[in-house]
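Enquirer: Each chain is listed here by its residues.
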Amino acid sequence: MTALRDIQSALLHDIYSGGRDSVAYLGKGFAEHLNIYGNNTLFGLTDILANAYPVVKRIVGEEFFKTVARHYLTAHPQPSGNRHMFGGELSRFLKGFEPALSLPYLPDVAALEWAHFQASIADDAETLDFNMLASATGGDPSFVLGLHPSVHLVAQNYNALDIWREHQNEDPSTIRLIPKEHTLVIWRAADDSVLIRKASASFAKLIHNCLDGLSFAEAMMAAGESVADMTALQQEFAEAVAHGVFSDKTEALP
Amino acid sequence: MQKHTLELSGIGLRAPHVRELLDSKANVGFLEAHSENYFGGGQPRKILKQISEIYRVTLHGVGLSLGRADGLDQSHIRQTKALVDELHPVFVSEHLTWSGYCHIHVPDLLPVPFVNEALDVFADHVNEFQDAIGQQILVENPSNYLAFEKIDYTETEFLNALVERTGCGLLLDINNIAVSAHNLGYDPVAYIDGVKADGRVRQFHLAGYQVNELENGERVFLDTHGRHVYPEVWELYAHALRRFGDVPTLIEWDTDIPALDILIAEAAKADDVRARVKGERHDRAA
Numbered sequence: 001m002t003a004l005r006d007i008q009s010a011l012l013h014d015i016y017s018g019g020r021d022s023v024a025y026l027g028k029g030f031a032e033h034l035n036i037y038g039n040n041t042l043f044g045l046t047d048i049l050a051n052a053y054p055v056v057k058r059i060v061g062e063e064f065f066k067t068v069a070r071h072y073l074t075a076h077p078q079p080s081g082n083r084h085m086f087g088g089e090l091s092r093f094l095k096g097f098e099p100a101l102s103l104p105y106l107p108d109v110a111a112l113e114w115a116h117f118q119a120s121i122a123d124d125a126e127t128l129d130f131n132m133l134a135s136a137t138g139g140d141p142s143f144v145l146g147l148h149p150s151v152h153l154v155a156q157n158y159n160a161l162d163i164w165r166e167h168q169n170e171d172p173s174t175i176r177l178i179p180k181e182h183t184l185v186i187w188r189a190a191d192d193s194v195l196i197r198k199a200s201a202s203f204a205k206l207i208h209n210c211l212d213g214l215s216f217a218e219a220m221m222a223a224g225e226s227v228a229d230m231t232a233l234q235q236e237f238a239e240a241v242a243h244g245v246f247s248d249k250t251e252a253l254p
Numbered sequence: 255m256q257k258h259t260l261e262l263s264g265i266g267l268r269a270p271h272v273r274e275l276l277d278s279k280a281n282v283g284f285l286e287a288h289s290e291n292y293f294g295g296g297q298p299r300k301i302l303k304q305i306s307e308i309y310r311v312t313l314h315g316v317g318l319s320l321g322r323a324d325g326l327d328q329s330h331i332r333q334t335k336a337l338v339d340e341l342h343p344v345f346v347s348e349h350l351t352w353s354g355y356c357h358i359h360v361p362d363l364l365p366v367p368f369v370n371e372a373l374d375v376f377a378d379h380v381n382e383f384q385d386a387i388g389q390q391i392l393v394e395n396p397s398n399y400l401a402f403e404k405i406d407y408t409e410t411e412f413l414n415a416l417v418e419r420t421g422c423g424l425l426l427d428i429n430n431i432a433v434s435a436h437n438l439g440y441d442p443v444a445y446i447d448g449v450k451a452d453g454r455v456r457q458f459h460l461a462g463y464q465v466n467e468l469e470n471g472e473r474v475f476l477d478t479h480g481r482h483v484y485p486e487v488w489e490l491y492a493h494a495l496r497r498f499g500d501v502p503t504l505i506e507w508d509t510d511i512p513a514l515d516i517l518i519a520e521a522a523k524a525d526d527v528r529a530r531v532k533g534e535r536h537d538r539a540a
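Here the protein sequences line up with chains A and B, keeping their order. The first sequence begins at 1 in the working numbering and counts up by one. The second sequence begins at 255 in the working numbering and counts up by one.
So that you can see chain B by itself, here it is in the shape it has in the complex (with noise of 0.2 Å):
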């Protein structure tokens, strides 16, 4: 069965939708799955093969934890190049975060000080995982709601000191960039101008967040991936497409989980907007 080219957006792969997506082949360009989701056998890896069988597939981790200060979980590594092997994946992401430290772990992706010693221990934890798996990995900008009191790097720096140690792609997320520069004040176009446009940037991802309010009134954005795409993320969108050029591009929605035709019509909108900064660029070069 012929698979979709990565010119068509890409939207995550979700229980909801599955016996759907095997059914009639739907118009994306390709499925981001959970690396975590599938390890082990049973059910659940099987509807993966098939599901790799008729879209392209990205594996997306988010337990494997680079930034922790111990070593990494050899047995996650493993898993995660069984799937690997299994599936031949576009890309293979994981975060710029730690999830775990000596045995104690959180299902959520926490923020580093981007002091030297963070940036050793995630060059050399990069390097071992794509070492282990055989493959360039892509790192994703995390949603931040602190940052730290000491820090050697700002947060783009550390990014491209990163990909220049070890060879690994960036996978910037676009709804992160708004969160974090809302949560920690900064600025999110200066954020996207700070990262090297010489093609490390492989993958973008857009969802949409939530706004709370804290008990002492101030207004946090948290990155619940529970709605739509906010307005000022597509502006953001456009400004990294003319900055990094046309990249692939993905639809995360994970809570209240809309119907499939909802998440297909958002990935539908990103192409509008791939399609919009393309025609400015064909027009400046007439």
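Next up, chain A with everything else stripped away, as it sits in the complex (with noise of 0.2 Å):
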């Protein structure tokens, strides 16, 4: 008897690439509708894309975007039965992709608006506030700061937020393109809007130094190591924890 995951790789294979592995296991005449599952796949996901980067879209228009959903989803399929999950990797793909090359800064246009859409779903959290704070580092120097599940730290070579800003507008005006590496901070504040910031090299490290784990007081001794003057790193902190980028999710070390 042929296993039934056998079918199923043979359909999934003959779906994503037009084969016809599956044929053999199909009832007779049925070989020609194994196209519309294809189809139905190819225009499903190429609305789920479309819905994940608008900006993306716009800049390339709908028949560019169309080729770039085609081969974009055959390197990179479906990874998980919740679609919001597909298009993870539109940004790197994007930078291989030669008919793309002659846009450098769309890379990270599909990366800011991946994490613009992801934040926009991400699990809910209570924010941490300057009193939680305050108990938290009275009580414990050693505790762990958490983040909010929707914070995304955003590697950037060109000032794409300028252009992904611009294409807000329904007119969009030409921005002229500066070549400058940073990094964005992406999250959503507690009345559900995605903000956006630029992010000092310290206070993105700081970020990094909490997603792996450092307490807080390692963090934020290790992210101003390079600083000159601290006082702007314990600004910039301040105000991310008023606008909702840590989780009241902290806890101290083992």
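Some hints here could point you the wrong way.
[As the list claims (entries may be wrong)] If the Cβ cut is set under 8 Å, some of the chain A residues that face chain B in the computed set are:
1) N40
2) L45
3) R83
[Said to hold, decoys possible] Listed next, the stretches of chain A that the computed footprint assigns to chain B, with coverage defined by at least 3 CB atoms under 8 Å from CB atoms of chain B:
4) 8-22
5) 25-31
6) 72-81
If you're looking for bench data, these hints aren't it; they were derived computationally from the structure. No experiment lies behind these values; they were computed from the predicted model shown. Positions of the beta carbon are idealized from the N, C-alpha and C atoms, including for glycine.
Quick one: dock chain against chain with the hints and give me the complex.
Expert: Here is the structure:
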């Protein structure tokens, strides 16, 4: 007897590649119908990608976006039954997608949009306030600071944020492209709006340190190592606390 | 706020209608939300919670892949359970299909070969899912565009056996029966008559399909949910009501989504058919 897993592998292969591995398992006369599932997948995933990347689509135009989607889904099939998880590799994919190389800022816009989309639907969580912070730091200096589940750090090589913001307008103006390495922090605030801020190198390091599980004291110290003025970092940290970047899920190190 | 009774037919909850549904209470029995659209948090989840405080809500999953030959995605189950715990849906439903295997998925509902191995897989997965969320699920018959050479059961035999092995209920999609019957060449009335009428059918779906012509000239019905319910589907629906009794019914409309009024009017048509069939029963009893 043919194993179910063989049939499922063959069907998925055919749907994504246009192959005919599964025909041997089908009733007579149904081979032509495989294209229906292939088309449903192509159109369905293109829609999902367009929903996550509206500005990338506006920049490249509908037809080119369909071409991008067709190539992307072959390289990176939908990874989970949660459709919101499809598309996370687009920025990296675009860096190697020859037809899009004339738009070197496009991977940055894609990275920004993916983080924005994911932040908008990330799990809810209570945020850290200054009273909790004072209580945690006073109680145990080795506590680990948690991040709100929506927080994303996004590395950028160009001023893609300017481009993305301009494309929120109906009739966007041309933005002068400026190469500049920097990091954005993107998260969802208490009112469910998604916020985007340029992070200083030290603040980005602080977030990375928190993600790596360093205690708050260690994370802050390591982030401030190369900073002449700790006050600026502390101020940036305070603003982040006020805007809900950190969660109330702090924990003491074992 | 008073919620509606399931004696009124329901409609699918779609983003363009949300504001209107929140602003003034629509005359529908219930709203069906696609579970996966509300995984995670943020505004979509909060809006669904508000909706559930006004309307009865059902959860309809499209991505769990009950028929997958490997194990169910535990994260998917956890997220569905969190929704169930938060919303207390009237029904939780999924499909007699699969859509993913070994970390490759499609945004579609794929056909199952109705063989013993597949029945074992479905029975295990339905039991696992019901145990995890703590309530019975309804399993929906799919629209199929192809069939497999080797089978041990017809689709209705497979559904009947699944109910008996798991205690799940059935969501009969009348449009899907019409679509699959045309595409695979069977009698839709015989299909309905093949499902046991012992209370296992707990919900109906109705929708519109699209007719496409393939390159070889063959006409195929596509389950697009993009137009009014076809007259022959209304007739099949009446036949199903006569066989299974008055069962909560939902209108699905997912593409070319019309104004809310049009959708509600389509649900009212279902109510008219339900009333007509109830009347026939009373006439016979008199």
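Enquirer: What hint numbers does the structure not satisfy?
Expert: none
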